[in-house]
Amino acid sequence: GQNCLSDVPTFRQYLSDLIIRRHSFDTRVQTLVKLNRLESQHNQLLTPSRLRVLSCLDTWGKGMSQLEDVTPPATLVRDMMRLSHKISSLQNVPKYQNEKQEAEAIIQERELELRSYFDDRCSKMLDLQKAMEQLRQLEIATGILEVREQLKKNAVSQGRGSGKVGHEFETVTAKVVLESVVPLLVQHDKPDGKISILRNVTLGMARAELDCLAVYHPNTSSPFCVALALIEAKKSVNDIGIAFSNFQSTLAFLTGERSGYNPEQWINKKCHPKGHFEKFELTQGGTRYEFSTESFSKFKRDEASKLFLDRIFFVTKQTSITCVASDVASRLTDRLVRNPKFNLETLEVSEEIARELFEWISQEIPPSPISTLDTLRIFAETGRAHQIQFLWNTEARNVDVPETGNVMN
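When we follow the working numbering, the leftmost residue of the sequence shown carries the number 214, and every step to the right adds one.
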């Protein structure tokens, strides 16, 4: 593996591999490429209609700003009602007939103002609606609207699919935890209670959620359980660097190491109003678990690296190491395909485009303090490679995994 964000040439090669790989299996990317091809093919036909829509929107906006100086309809109506009431009260009083006629004249003026107000708005709205409908008909005729709708359907189906894949990955991860991680903890810690695996634990934290937390209740007078390990599941190995970096401040918060985090960032008004972890209670699988900083006393920084290393486990898929997080890769794909300079026929990434995206990612997306490569290197060089479990097959078949509860003596 390599850090594909190290320089433009390396990044350009990464983008080329990324778009070819995504285009080969990702229906959303395939549809997006198809849409952009249609847009490019029919650009001359669509441009006049789109400019007309923009012009109507501009006219509508200017009209709305001009109407800010016009008396609002509600005020006009209130004036008319007040004057009508006044006319009724003067109806049979001869000496006030002049005043009555003045009131009637004002009502007529208000009626004209009201009609002008709505006529102007309706006229601009009708122009805008007509322009938008003309553009819509062109997009139907060119097939663009159909592909755009397909793109929306792809997004929905991918969302459902990712949920299913995520559930399967979590199931396989739980199996790895039971078969590989828990036995290590039993051998190392020899706990005097049964180990439980808690899932999706926040402990009231404003900035973090723990995928899996291995704990047990010691046979002591202390009400607090003892945390033995954090286990993080990542479908992409390239997300490990960010997760490991985040764990440093999370564990500083949980262990009460106040020099290792900014309390203002950890304030939860209900649970941790001062931004410091003190106590938290939760219930999973019908069992109550109480936590304090004492619960995380087994988590200590490595003397050489000054990092939290022990008791941190990762379960991830065996994929190419690029040091580009999965969410960043998705954003890069979208920006690349939508770039008007990108060749949609050859899918070739030019040096110019690569440089533009390299500058964008450098400015918009802060790098992880510790990259995935550095994380893997640290764990390997300190004899902790076994704390990163790579999965070759992530299909969840015939896996019997219990929910939260006691899993092993």
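Check the hints yourself; a few may be wrong.
Cross-link-like lysine-lysine pairs, in silico, BS3-like; alpha carbons within 27 Å at most [to be verified]:
#1 Lys519 x Lys483
#2 Lys403 x Lys487
#3 Lys487 x Lys366
#4 Lys388 x Lys448
#5 Lys554 x Lys448
#6 Lys337 x Lys403
#7 Lys492 x Lys511
#8 Lys407 x Lys492
#9 Lys487 x Lys448
Think of the hints as simulated: they come from the structure by calculation, not from any bench.
Please verify whether Lys487 and Lys366 have alpha carbons no more than 27 Å apart.
The given pair, whose Cα atoms are some 45 Å apart, is violated under the 27 Å limit.
Does the alpha-carbon distance linking Lys388 and Lys448 stay inside the 27 Å limit?
The given pair, whose Cα atoms are some 15 Å apart, holds under the 27 Å limit.
Between the alpha carbons of Lys487 and Lys448, is the straight-line distance 27 Å or under?
Not satisfied, since the Cα-Cα distance of roughly 34 Å exceeds 27 Å.
Is the Cα-Cα distance between Lys492 and Lys511 27 Å or less?
17 Å, holds
Between Lys407 and Lys492, does the CA-CA distance stay at or below 27 Å?
Holds, because 22 Å separates the two Cα atoms, which is no more than 27 Å.
27 Å limit on alpha-carbon distance, applied to hinted pair Lys519 and Lys483
32 Å, violated
Within a Cα-Cα threshold of 27 Å, do Lys554 and Lys448 meet the stated pairing?
Roughly 32 Å separates the two Cα atoms, so the pair is violated.
27 Å Cα cutoff - pair Lys337, Lys403:
Violated, at about 77 Å.
Do the alpha carbons of Lys403 and Lys487 lie within 27 Å of each other, as the hint requires?
Violated, at roughly 36 Å.
Hints 1, 2, 3, 5, 6, 9, counting from the list given before, are not met by this structure.
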